[in-house]
Amino acid sequence: MKDTPKIALDGVKKRFGSKVVLDGVTLNIAKGESLVVIGGSGTGKSVLLKCILGLLKPEEGSIHIDGENTLTRSGKSRREQMARFGMLFQGAALFDSLPVWENVAFGLMKAHGVKRKDARDIALEKLGRVGLSEDVGALFPDELSGGMKKRVGLARAIAADPDIIFFDEPTTGLDPIMSDIINDLIVESVRDLGATTITITHDMASARKIAHSIAMLHKGQIIWQGSQDDVDNSGNAYVEQFIHGRAEGPIKMAVRKG
Amino acid sequence: MNFFAIIGRFTLNALAALGRLTLFAGQALGHLARPPFFIRNISQQILTIGYFSLPVVGLTALFTGAALAQQIYVGSARFNAESTMAAVVVIAIVRELGPVLGGLMVAGRVSSAMAAEIGTMRVTEQIDALVTLSTDPYKYLVVPRLIAGVITLPFLVAVANIIGVFGGFLVATQRLGFNAGNYLSVTMNFLEATDIVSSLVKAAVFGFIIALMGSYHGYHSSGGAQGVGRATTDAVVSAFILILLANLIITIMVFGS
Numbered sequence: 035m036k037d038t039p040k041i042a043l044d045g046v047k048k049r050f051g052s053k054v055v056l057d058g059v060t061l062n063i064a065k066g067e068s069l070v071v072i073g074g075s076g077t078g079k080s081v082l083l084k085c086i087l088g089l090l091k092p093e094e095g096s097i098h099i100d101g102e103n104t105l106t107r108s109g110k111s112r113r114e115q116m117a118r119f120g121m122l123f124q125g126a127a128l129f130d131s132l133p134v135w136e137n138v139a140f141g142l143m144k145a146h147g148v149k150r151k152d153a154r155d156i157a158l159e160k161l162g163r164v165g166l167s168e169d170v171g172a173l174f175p176d177e178l179s180g181g182m183k184k185r186v187g188l189a190r191a192i193a194a195d196p197d198i199i200f201f202d203e204p205t206t207g208l209d210p211i212m213s214d215i216i217n218d219l220i221v222e223s224v225r226d227l228g229a230t231t232i233t234i235t236h237d238m239a240s241a242r243k244i245a246h247s248i249a250m251l252h253k254g255q256i257i258w259q260g261s262q263d264d265v266d267n268s269g270n271a272y273v274e275q276f277i278h279g280r281a282e283g284p285i286k287m288a289v290r291k292g
Numbered sequence: 243m244n245f246f247a248i249i250g251r252f253t254l255n256a257l258a259a260l261g262r263l264t265l266f267a268g269q270a271l272g273h274l275a276r277p278p279f280f281i282r283n284i285s286q287q288i289l290t291i292g293y294f295s296l297p298v299v300g301l302t303a304l305f306t307g308a309a310l311a312q313q314i315y316v317g318s319a320r321f322n323a324e325s326t327m328a329a330v331v332v333i334a335i336v337r338e339l340g341p342v343l344g345g346l347m348v349a350g351r352v353s354s355a356m357a358a359e360i361g362t363m364r365v366t367e368q369i370d371a372l373v374t375l376s377t378d379p380y381k382y383l384v385v386p387r388l389i390a391g392v393i394t395l396p397f398l399v400a401v402a403n404i405i406g407v408f409g410g411f412l413v414a415t416q417r418l419g420f421n422a423g424n425y426l427s428v429t430m431n432f433l434e435a436t437d438i439v440s441s442l443v444k445a446a447v448f449g450f451i452i453a454l455m456g457s458y459h460g461y462h463s464s465g466g467a468q469g470v471g472r473a474t475t476d477a478v479v480s481a482f483i484l485i486l487l488a489n490l491i492i493t494i495m496v497f498g499s
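Taken in order, these protein sequences are the chains called A and B. Each residue of the first sequence is one higher than the one before, counting from 35 in this note's numbering. Each residue of the second sequence is one higher than the one before, counting from 243 in this note's numbering.
Bear in mind the hints are in silico, worked out from the structure with no lab data behind them. As the structure is a computational prediction, the values presented were derived from the model and not from experiment. Where a beta carbon is used, it is the ideal one built from N, C-alpha and C, also for glycine. Keep in mind that a hint or two might mislead.
What the hints assert, rightly or not - So, partial list: chain B residues that the calculated Cβ filter (under 7 Å) puts toward chain A:
| hint | residue |
| --- | --- |
| 1 | S318 |
| 2 | T366 |
| 3 | E367 |
| 4 | Q368 |
| 5 | A371 |
| 6 | T374 |
| 7 | T377 |
| 8 | L433 |
| 9 | E434 |
What the hints assert, rightly or not - Straight-line Cα separation of at most 30 Å, BS3-like style, residue types lysine-lysine; simulated pairs:
| hint | chain 1 | residue 1 | chain 2 | residue 2 |
| --- | --- | --- | --- | --- |
| 10 | A | K243 | A | K286 |
| 11 | A | K253 | A | K53 |
| 12 | A | K243 | B | K381 |
| 13 | A | K149 | B | K381 |
| 14 | A | K149 | A | K110 |
| 15 | A | K253 | A | K286 |
| 16 | A | K243 | A | K253 |
| 17 | B | K381 | A | K110 |
| 18 | A | K91 | A | K151 |
| 19 | A | K47 | A | K286 |
| 20 | A | K151 | B | K381 |
| 21 | A | K110 | A | K286 |
With the hints as constraints, model all of the structure from the sequences given.
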């Protein structure tokens, strides 16, 4: 019998007004797999992630996690599911009003009922895992550089040892060295946790380092999916143009957002 | 564009906004009675709304009470009715000026700050982050502000009333030659329990409006810095208008018959 995919999307459609952003996305992600979704800006990558996370509700299609339909969940059941997720936001999305350690410990205290002192110890341990010292725990997010914020965001994403982690443009806005450090941390964290991950990015160096498999989203549809090793021989003109960053090709970049 | 189309679009947009606001308020109120309660957030908001608004509310009340006393003295002198000044000052301050000016000053200071803070959290995905950390943004952000607004404004307005009356007292005794004992005696005799209760009820309603408008506009802001700026302006303007409207309704309900 075939294993149930960890995450399964079937015909997911999402529109904003008359603009169709996701146009029937179908994807299966196995347990422990690291899927990277690539695609140009405005192709619906973030919307896809938010639909899986439950931040947006698609108009059509289904999203199953461990075989359970997530779209019919609400209230406590939804929060319980959310507690199994970790998410690294593009801009880290750290809470300005809280010190770094409390940002990392937030989910532990609110979703998992861990006592404040214990949560602080775990947070400091997770900060150490992403290469940040205990001193950083006492700082506030606006005292951190972009790279440090991403590290804190990563520490927050892995704080509760989630079994599914989402990464939204993890290397955007970082210099190449810091990007590589973040990529290494992601690979290490995921390997240690054995988590299933979905990363959206347009940074091919990042995709090559993080991914087991790669899917390309274009105009709201998955136009190619394969293993990381196959991406250079995809035989798909869209993928070819994207991974080589050519201006000429079938992809015409939208000037306007959405 | 067709004139009727413009009116139709305006009406539909206004009704849609009213619907969104009603749903938002309903959702927030639905969370009021259900745990978890974020006590730290409530305390922090009480401090922000109440304690830090005291100077601006106090000074507004002091200057208004003083100016009011001067004007009433000049007006009433035409009818040889200067002795009514203390009564008019206390009634005007407690029934209307204390709650309304206090509410407007706090709205200007607090609604805008709430909209800016929550709006920034919205555009920087911090509200999405709250959801992914299994925390309801209504409970964590909106409910503490509503509770703090409703609890704090009556205290602020009570202080504003006292300081406003004191402003009138200062002008009356130091500038216009009134006897301090007589002035206070008239003030106490003319002040009724209904005046105080209506003043505090108005304050609680204004506190709810201030927190609701700040939270609502911040929560629904979009479009980066410009969107947050627009949310801030909308929060203050809508809070001002709703405070004045609510004041009129409560005044008619309490004193209209």
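Hint by hint, here is what the structure shows:
A cut of 7 Å between beta carbons decides the hint on B:S318: the least distance to chain A is about 51 Å, and the hint is violated. Interface restraint check: B:T366 against chain A, minimum CB-CB distance 6 Å, threshold 7 Å, status holds. For B:E367, the suggested interface contact is upheld, since its CB lies about 4 Å from the closest CB of chain A, less than 7 Å. Restraint check, B:Q368 versus chain A: the minimum CB separation of about 5 Å is within 7 Å; hint holds.
Interface hint status for B:A371: upheld, as the beta-carbon distance to the closest one in chain A is roughly 4 Å, under 7 Å. The interface hint given for B:T374 is met, as the beta carbon of that residue sits about 4 Å from the closest beta carbon of chain A, less than 7 Å. The interface hint given for B:T377 is met, as the beta carbon of that residue sits about 5 Å from the closest beta carbon of chain A, less than 7 Å. A hinted interface residue such as B:L433 counts as satisfied when its beta carbon comes closer than 7 Å to some beta carbon of chain A; here the least separation is about 42 Å, so the hint is violated.
With its C-beta approaching chain A no nearer than about 44 Å, B:E434 sits outside the 7 Å limit, and its interface hint is violated. At roughly 27 Å between alpha-carbon atoms, A:K243 and A:K286 fall within 30 Å of each other, so this suggested pair holds. Simply put, A:K253 and A:K53 have alpha-carbon atoms about 11 Å apart, close enough for the 30 Å limit, and the pair holds. Only pairs whose Cα atoms come within 30 Å are accepted, and A:K243 paired with B:K381 is rejected, the gap being roughly 39 Å.
At roughly 20 Å between alpha-carbon atoms, A:K149 and B:K381 fall within 30 Å of each other, so this suggested pair holds. As the CA atoms of A:K149 and A:K110 are separated by approximately 20 Å, the hinted pair is consistent with the 30 Å bound. Our distance criterion of 30 Å between C-alpha atoms is met by A:K253 and A:K286, whose separation comes to about 10 Å. About 25 Å separates the Cα atoms of A:K243 and A:K253, which keeps this hinted pair within 30 Å; it holds.
Restraint check: the Cα-Cα separation between B:K381 and A:K110 comes to about 14 Å, which is no more than 30 Å; the hinted pair holds. At most 30 Å may separate the alpha-carbon atoms for a hinted pair to count; A:K91 and A:K151 exceed this at roughly 36 Å. Taken as a hint, the A:K47 and A:K286 pair is honoured in the structure, with Cα atoms around 22 Å apart against an allowance of 30 Å. The straight-line distance between the Cα atoms of A:K151 and B:K381 is roughly 23 Å, inside the 30 Å bound, and the hint therefore holds.
Between A:K110 and A:K286 the CA atoms are separated by roughly 44 Å; this puts the pair beyond 30 Å, and the hint is violated.
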